[in-house]
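Engineer: Sequence:
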Amino acid sequence: MDSLTPTGLNLERDCQNTMNSLSYQIIVQNLSQTAQYFYVFQKRATFGPSTSTIYCCSLGCQNVGNYVSSGAQIVFGLDKQIYAGAISTAAPPPPPSLSTASVSSGTSRLLVSNATTKQAISLTTGTGSNPPTNFTELTLSPLGLSAPIYQSGIPVGAFAINVPPYTPAPLPALFSGVAAVNTNQAVILSSFVAPVPNATMSCSPTQIFFVKTGYQPVGSLLTYDESNSARCDFTTGFATIIATYNSNGTFSTTGGS
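First residue of the sequence shown? That's 1 in my numbering, and the numbers climb one at a time after it.
Ranges of calculated distance between the beta carbons of each label pair, as one might list FRET restraints:
1) N246 - P197: 46 to 54 Å
2) N246 - T125: 36 to 44 Å
3) G237 - T89: 34 to 42 Å
4) A147 - Q33: 49 to 57 Å
5) L171 - T235: 29 to 37 Å
6) Q81 - L221: 20 to 28 Å
7) P131 - P164: 22 to 30 Å
Read the hints as simulated data drawn from the structure, not as lab findings. These figures come from a predicted structure and were not determined experimentally. Every residue, glycine too, gets a C-beta built ideally from N, C-alpha and C.
Please work from the sequences and hints to get the whole structure.
Structural biologist: Shown next as structure tokens:
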């Protein structure tokens, strides 16, 4: 897939300054009479082996008023680079001894958060003399992804992650799939699954994104729904797409080079 995404509220001149060959741009213009929140998410990827649940997250969220009266618009920047990613919510390793722990007021402090990892990766192509770096191996302790290499047998349009053995029950503690990276370099999983343990997972992302109204903060888990949205299809060759929210509550899109 494509990855993500700085997000921000910018005037049109700012958008022109940030355009470059390494990113896509979705420009959101609000023609309704009230300020609206808009969020962006990616088309759901396909995975193998198949799994019952494919998750997706918000890649950006901002609010903006009427475009005609204010001239303001939202610019969602979408990195063209594809990333494989994983996140672990498993319990951390045992804390270090007191001699190495951070100590405050005689109490050992250990700051813990979800562990994330990502690697820039390529999709398998059907032609070309240069084999793509389409395969990476996941390790769990510590969490990480190896530098991608070429692996034969991965479907065209996909990359693959070799998943080690782990225990997914009673709750999944590991998720992997397409990753996005925001301006703070935080890793966000865009389209992902709880992978089958001890198996090679293939992931086929698509460079299609959707914009909808509503407040969905970056990284929040979504109920996947393409209805009543602006479809922004970058597989057609456009680098910039304008998503207009019309006064009647519908969306329209215009592609640009």
